[in-house]
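Colleague: Single-letter residue listing:
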Amino acid sequence: MGELLLHAMTITKRFGGLTAVNAVELKIERGMIASLIGPNGAGKTTFFNCITGFYTPEEGRIMFNNRDIRGLRTDQIAYRGIARTYQNIRLFGAMTALENILVGMHIHLKATPIGSVLGFSRTRREEREALKEAYRLLEFVGLGDKGDLLASNLAYGFQRRLEVARALALKPQLLLLDEPTAGMNPQETDEMMEFIRNLRDKLNLTIFLIEHDMKLVMSISDQVSVMDYGTKISEGTPAYVQKDPAVIKAYLGSAPEEVLSEQA
Amino acid sequence: MIKKSTFQRGILANGIVLLLTLTGIFNTFAKQEVIPEKLSLNTVIIIAMVGITGYACAYPLRKGKPLEPMVNAIFATLWLAVMWVALVWLYSTIDMRFIFQNLTGLNPSPLTFGETVRFVAVEATEIDPLLPIEFGGLVKLIIFCAMMGAISGFAVLLSLRLQLIVGVSAVLTVVLSLISTKINGIITLPDALAFVTAFGLAYLVSWFLNNRRTTPLPQWLLMAVGALVGAFVAVGLLFVGTEEAFARGGILRGIGTAPQIIDMGLRGLIGGLFGVFALTGVAGALAPKAERLSHNTSLYFVMMLIVLGLLNTGGRKLPLETALLIFGVLTLGIALIPSLGKKAESQFVQLARGGKLQSRGIFLFVLAGVVLVAPQFMGVSLANNINLIILYAMLGIGLNVMIGYAGLLDLGFVASIAIGAYTVGILTGPNILTCNGVAINPNLITLDEINQLCTGRIDFWGALPIAVILSAVTGMLLGVPVLGLRGDYLAIVTLGFGEIINRIIYSDKFKPLMGGAQGLSPIPVPEIFLPIGGEEGINLVFGNATSVFYLYIFAILIAIFVTYRLSISRQGRSWRAIRADEDVAEAMGIHTVRTKLMAFMVSSAIGGLGGAILAAQLQSVTPENYKLAFSINVLALVIIGGMGSIPGVILGAVVLAGLPELLRELESYRLLAFGGLLVLVMLVKSEGLLPPAPPRLSEQARLLTHPEPAGTD
Amino acid sequence: MSGEDIQAGRISDATESKLMKFITENTVKNPLRGIFIVLFVFLLYITLSRVLGGEYTIQQIVQQFIFGLSQGSIYALIALGYTLVYGILLMINFAHSEVFMMGAYGGFFAIYPMAESGFLQEHTLLALGLVFLSAMLTSLVTAVLLERIAYRPLRNAPRLVPLITAIGASITLQELAKQLFGASPRRFPDVNYFILPDSGIETCKTVARERICTPGLDLIGGIYDVNFLGLDLRIRPLSFITLFTAVILMFSLWRFIQNTKTGKSMRAVAEDKNTALLMGIDVNRVIVVTFALGAALAGAGAVLARLVPGDNIISPYMGFLPGIKAFTAAVVGGIGNVPGAMFGGLFLGVVEAVGPGLLGLDNQLQDVIAFGLLVSILIFRPTGIFGEVVADKKV
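Residue numbers (the working numbering), protein chains in the order written: chain A, 314 to 577; chain B, 74 to 786; chain C, 8 to 402.
Bear in mind the hints are in silico, worked out from the structure with no lab data behind them. Quantities reported herein were computed from a predicted structural model and do not represent experimental measurements. Errors might be hidden in some of the hints.
Straight-line alpha carbon distances no greater than 25 Å define the calculated BS3-like cross-link-like pairs of lysine-lysine that follow [said to hold, decoys possible]: (1) Lys76/B to Lys138/B; (2) Lys111/B to Lys255/B; (3) Lys185/C to Lys104/B; (4) Lys429/B to Lys445/A; (5) Lys700/B to Lys185/C; (6) Lys484/A to Lys445/A.
Where chain C lies over chain B, by a calculated footprint (3+ residues, C-beta under 8 Å) [unchecked claim]: (7) 163-175; (8) 477-490; (9) 570-577; (10) 733-747.
Backbone N, C-alpha and C fix where the C-beta goes; we use that ideal spot for every residue, glycine too.
Using the sequences and the accompanying hints, generate a full structural model.
Modeller: See the structure below:
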């Protein structure tokens, strides 16, 4: 740890008169599990979208591996090693689970259209390797027997896992998870927490997640950042953030303290 | 008792039927007969209209109380009858032709069962004009509608499979009867039966042998048995057939015209006869253990042979008995073949790799043989129609890359076709470019003069690649400005682009180069010179429909090969990902603009290829041929057949391009039907008739990942 | 270094990079923009040389400008239909051009019997009112049925589906009109409406080589030589009437949207369908009203367009070109934007009228101009001149 992976420098994103993200400064070190929390509409997802290039922030820089990625297209940023999942699952519904992962492996394949049409042995070999790896990933997330099902026909929990597997197929350095446990029951949430920990420990990933489930956030995060009304109001270890009056105020108005820590 | 859904659907169905009646549909098809003197096309149309109305109203109630669907269907069809009666009454009291110009001959018409309905007595004016005087036909109409309502209300209760089998067979029978004069010369009944016997006997023997043994027979043994059965049939034919008997049209019933294949044996081409039948036998013997596609295709082919043979017996007229026989054959075939195919597939998967390849190879060989000799049986007129179907299928496959794979709605596909055709036209035809700067007026110049003057022309094979590349590049250039935008814009910009290209080729400004409204002609016929066989070699000339057929087959094979390979590759996955969700695809690292441009390029290239061959076949290019309607035709067959599915597109081409082509009378209703079908398909089954099957990669992937068989548990 | 220096350096840095950015933006990143800029400069050169060289006079420009305004106001009326529906459903109603066509037929079936029976000649204004009513009603019924049957069941389908449906509906309506009303084109009868019979103005026309003159000013059928500010112009009063009527209709629409309850609901639905639903707005009704309004305007436009003597043919395919041009107009003004559509229509009409003369194109290629405009707008400013956001990925 210690090496800086992502450094968002005073990012500002406006929509018309509304400033959705206001001069947010954020650092994530390699190997961390970092969380971003905040009330609804605080600008968390917009901030994610800024990092992945879906939006281009008006001000600030986004340093990733010490290179500025602000203004790059989404696909270029994916090449640099940032993958994400979505709050409301966005799989390619009309494609099978296996194909979804194969799409995720896009940037690591070199097949050209001509090669595919003429069936070069190099292309065929690569396709076999890809298939193999995709299947491994599918097994890794526990969907080994569901490879031929259309993504839209999978159960909700499986869809979440498939989405993570698809993001993993990019072999990213930084994985962004947007509310990975949304709509899950406590048991599923615990499994997901274990799963995220595993990702970091086994695959050496750096993970940055948006989450509403405080228990999960407080127990797995190395660093928690809190946003409210587009600005970052607090940052630090879970223990620190839980006690920060600014955070408590944001969540509960000016209500009694230590509600957050009780929750955790 | 009468449900709300019945009212909704009834209003819609009745509205559509009334509109169609007002278009004068019964006048347009008055001369068409399905079965001479027994069943006219108009009657079929009425049956379909009433039946579909009743069916549509009964369908939502099929799981309710037993009598409910029937009551609702009768309600809807009676309502329709009342509307028709009102229309006939209106028609005979006021002149509606000021508005509805095509509405003629409604009284008498099939609606009145051919009887004249009169509402006003001719001589006595004091009779109330609102009271009908002769109305027997209308009473029949009402009774008929009620009956059809009852039948359709009953039909919804049957199993879906049965409905489908009977429905498809009935429609096919009607269609075959309508086009029987076009296709009844293909094969005689004795010929057909001879083939069916060879194939069927081998099939049965092989099936019997397979079922009798626990260990499967080796492939070569089956093939040998098949060949033996085939040869046996051939010997039998020679044995029973004397020259005289065959000359008069076959020994089996002494009907039809001269058999073509059996004739070979009598002309001393005994080797050929034996070869053909032995191969038929081999195919028959392998079929019970073949891949589903090969199995079903060959069995459907055999079924079609019987039907064609049956059609051949009737000459110009098709008797009712034959029609019923054809209906029976079709029903049986459609009912049995798919389940047999499933069994065959289950046997096929147990074969070793070599056996699979062998089986596939033999069926491919047979298919190639059939395709190779097919034009000899078709005759020029039918070959023309079939060429058009292949052209449309191929263009559909090209457009499918845009719409089906990448989800980009291209309404200007005709532009690519026109560019392909005009490139060939300009490079190989007479114009200012090829004729050393002399402007040509095709009306004032002879062929010899053209040959003398126009020395700048290149041959078709030189122009073809240029045409393909040029269409691909233009397609791509068009894509650049609009690809960043929403799909709707693409649709309208491509629409405009198609129109602009048409304007340009029409324009007088470019007349010396592109011939203006007259177009360019003559475009030379493609030829291939093969330096084999003697001193002169062989010169293959693609000058008429039966030889251009091979060009089209070649082109569509290329189109299928390229698009299929692309669709299962990284490129195809990117296309489908973009179609499903562009933002997410981009987040996966897919360069969306480049990927879309690739779709534009492939699609336009295939369009250009089609256009180039079309120009060579017509031996001319005229702007009249390359209008918006062309795009719409291709679009319709892709969408109705099934976006993203190559078999779907081919089915779409056969139905949507083939039918109107074979049945010229449908021509005026062609686009109306296409438009209506587009809406209907989107509302009812937006993935089309034959939607693409998702690729099954899991098994292969599992085997790759865990090489040893995992089936130990 | 002082703080000021740094600031100054930054500013010059910024301007330099702005210029560089502009250049790279328009060449390397978007080569097509570069090509189009060169093309525009070239066209400008042709225009200037033609005007300065006297091949094209101010007189012609003014005359064609007026013609363009009336043509453009019809485009604007149709464009409003596209824009209104787009604003609410985010879909291009391809069948709108056929709604326009049906309006023309509706008007024709009203005006023709009236012209035959002499009613039109006797009570011209009343008859015209009835014709407009018939045309607008026909369009309206067509559009509402279209929405109910083809579009409403597909409101939550993937985007390609309603688009294809709209195209299918467009073809169906075209072909249905052809089969119902016949493929042969029909002509609107000539309409004359004389005013100021005592003013000394005479309206003359040549019938069978004989010049017949009637006293008074023919507002609809007439064409007059006018000397205006020293320019000899040939002008139809109808051009001004068309423009005037269109502007009144558009202004009423604007007032309707801004001030009435239904209009406010329309804006609410356009903003956010789900929230509007929560606020108790009947979204289906609002959508029907939107289709109806757009259709009525198109129907009125159809009659206005076909009153012009000599340009009075109606046929099943008459909707296609005006439709595509009106769509262009809607895009020029920023699709989804009501005043934008009005402006876009007028702008396109004028460009199309003046353009061929300025550029020296023959009339066969006149329609290419609208298309060129559409493509260049899409390349440079896809949001249109008044910029409703269309390229937003979120939509």
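Colleague: Each hint: holds or not?
Modeller: Going through the hints against the structure:
Pair hint Lys76/B plus Lys138/B holds up; C-alpha atoms about 12 Å apart against a cutoff of 25 Å. Proposed proximity of Lys111/B and Lys255/B is supported: the alpha carbons are some 20 Å apart, at most 25 Å. Pair hint Lys185/C plus Lys104/B holds up; C-alpha atoms about 21 Å apart against a cutoff of 25 Å. With a CA separation close to 24 Å, the supplied pair Lys429/B and Lys445/A stays within the 25 Å bound.
For the given pair, Lys700/B sits about 18 Å from Lys185/C by alpha-carbon distance, which is consistent with the 25 Å threshold. Proposed proximity of Lys484/A and Lys445/A is supported: the alpha carbons are some 15 Å apart, at most 25 Å. Under a criterion of three residues with beta carbons nearer than 8 Å to beta carbons of chain C, the stated coverage of the segment 163-175 of chain B is upheld, 5 such residues being counted. Note: the segment 477-490 of chain B has 3 residues with beta-carbon separation from chain C under 8 Å; the three-residue rule is met and the coverage holds.
Check on the segment 570-577 of chain B: 5 of its residues sit with their Cβ under 8 Å from a Cβ of chain C, so the three-residue criterion for coverage holds. Requiring three or more residues with a Cβ within less than 8 Å of a Cβ of chain C, the coverage given for the segment 733-747 of chain B holds, as 5 such residues are present.
Every hint, counting from the list given before, is met by this structure.
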